[in-house]
Amino acid sequence: MKVLYFAWLRQRIGVTEETVPLPSDVTTVGGLLTFLQGRSDEHATALADLSVVRVAVNQDYARDADPVSDEDEVALFPPVTGG
Amino acid sequence: MIRIQEEDIDIGAELAALAADNHRIGGIATFIGTMRGLSDGNTVAAMTLEHYPGMTEKQLHAIEREAQARWDLEASLIIHRYGRFQPGDRIVFVATAAPHRQAALESCAFLIDWLKTKAPFWKLEETGDGARWVDAQDSDEVATARWRDTAK
Numbered sequence: 644m645k646v647l648y649f650a651w652l653r654q655r656i657g658v659t660e661e662t663v664p665l666p667s668d669v670t671t672v673g674g675l676l677t678f679l680q681g682r683s684d685e686h687a688t689a690l691a692d693l694s695v696v697r698v699a700v701n702q703d704y705a706r707d708a709d710p711v712s713d714e715d716e717v718a719l720f721p722p723v724t725g726g
Numbered sequence: 659m660i661r662i663q664e665e666d667i668d669i670g671a672e673l674a675a676l677a678a679d680n681h682r683i684g685g686i687a688t689f690i691g692t693m694r695g696l697s698d699g700n701t702v703a704a705m706t707l708e709h710y711p712g713m714t715e716k717q718l719h720a721i722e723r724e725a726q727a728r729w730d731l732e733a734s735l736i737i738h739r740y741g742r743f744q745p746g747d748r749i750v751f752v753a754t755a756a757p758h759r760q761a762a763l764e765s766c767a768f769l770i771d772w773l774k775t776k777a778p779f780w781k782l783e784e785t786g787d788g789a790r791w792v793d794a795q796d797s798d799e800v801a802t803a804r805w806r807d808t809a810k
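In order, the protein sequences belong to chains A and B. Counting from 1 along the first sequence, just add 643 to a position and that's the residue number in the numbering used here. Counting from 1 along the second sequence, just add 658 to a position and that's the residue number in the numbering used here.
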């Protein structure tokens with residue numbers, strides 16, 4: 644799975660994107676977030692407060708219960724501030 | 659039409675192109691978002707706007723389609739810039755053209771409210787205390803929610 648990070652999430656985790664081999668028991672957005680929290684200290688810190696983390700799956704907003712698969716492009720970012 | 663670009667927006671040229679040869683149009687509403695030089699009382703010297711290429715276009719297309727479904731529009735245009743900005747610079751331009759003013763004015767407000775909460779852009783401000791990411795505003799969520807309440 645390709646995971647992209649934006650804004651301060653990118654800065655805190657230290658990468659723009661990474662390819663993550665998805666464990667077979669990770670099937671939802673919520674499960675993926677928990678899995679990513681365990682990848683490194685930087686991930687754990689950046690993803691400590693999930694209330695300020697938004698998720699997109701294949702460039703559409705997704706909720707915790709939405710499914711994810713290894714072929715998806717997933718993006719993690721803070722609440723948006725455009726306009 | 660939607661466009662994501664780094665270069666400045668030529669408002670006159672964009673408006674002329676939007677309405678060219680369409681005589682069903684009776685009114686055009688516009689919104690131009692510019693960079694403020696003050697944030698929470700602090701002077702902001704510059705700002706960088708980052709976005710998610712691909713998702714930005716997808717979300718703006720969806721918002722534009724929603725506006726065209728809700729209102730009787732002849733044309734619409736959303737241009738959002740990215741990159742580094744200084745106070746006064748144009749950031750975003752929204753224009754809606756319709757036979758009558760109400761559809762133009764309402765849909766223009768709808769588009770800017772929605773893109774503020776849905777379009778994947780993030781602002782990094784440069785202040786005297788260093789760089790800081792701008793927090794999302796609850797008031798923007800409220801502004802977007804009012805369109806949900808008035809869904810046709």
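Bear in mind the hints are in silico, worked out from the structure with no lab data behind them. One or more hints might be untrue.
[To be verified] Simulated pairs of lysine-lysine, DSS-like, Cα-Cα distance not exceeding 30 Å:
id: 1; chain 1: B; residue 1: K716; chain 2: B; residue 2: K776
id: 2; chain 1: A; residue 1: K645; chain 2: B; residue 2: K776
id: 3; chain 1: B; residue 1: K716; chain 2: A; residue 2: K645
[Unchecked claim] Estimated spans, in silico, between C-beta atoms of each pair:
id: 4; chain 1: A; residue 1: W651; chain 2: B; residue 2: R682; range: 43 to 53 Å
id: 5; chain 1: A; residue 1: E660; chain 2: B; residue 2: A789; range: 14 to 24 Å
id: 6; chain 1: B; residue 1: A674; chain 2: A; residue 2: K645; range: 36 to 46 Å
id: 7; chain 1: B; residue 1: A671; chain 2: A; residue 2: R655; range: 36 to 46 Å
id: 8; chain 1: A; residue 1: V695; chain 2: B; residue 2: H719; range: 33 to 43 Å
id: 9; chain 1: B; residue 1: L696; chain 2: A; residue 2: D703; range: 34 to 44 Å
The beta carbon of each residue, even a glycine, is placed where N, CA and C say it ideally should be.
Query raised in the report: Taking each numbered hint in turn, which are not upheld by the structure, reported in ascending numerical order?
Result: 8
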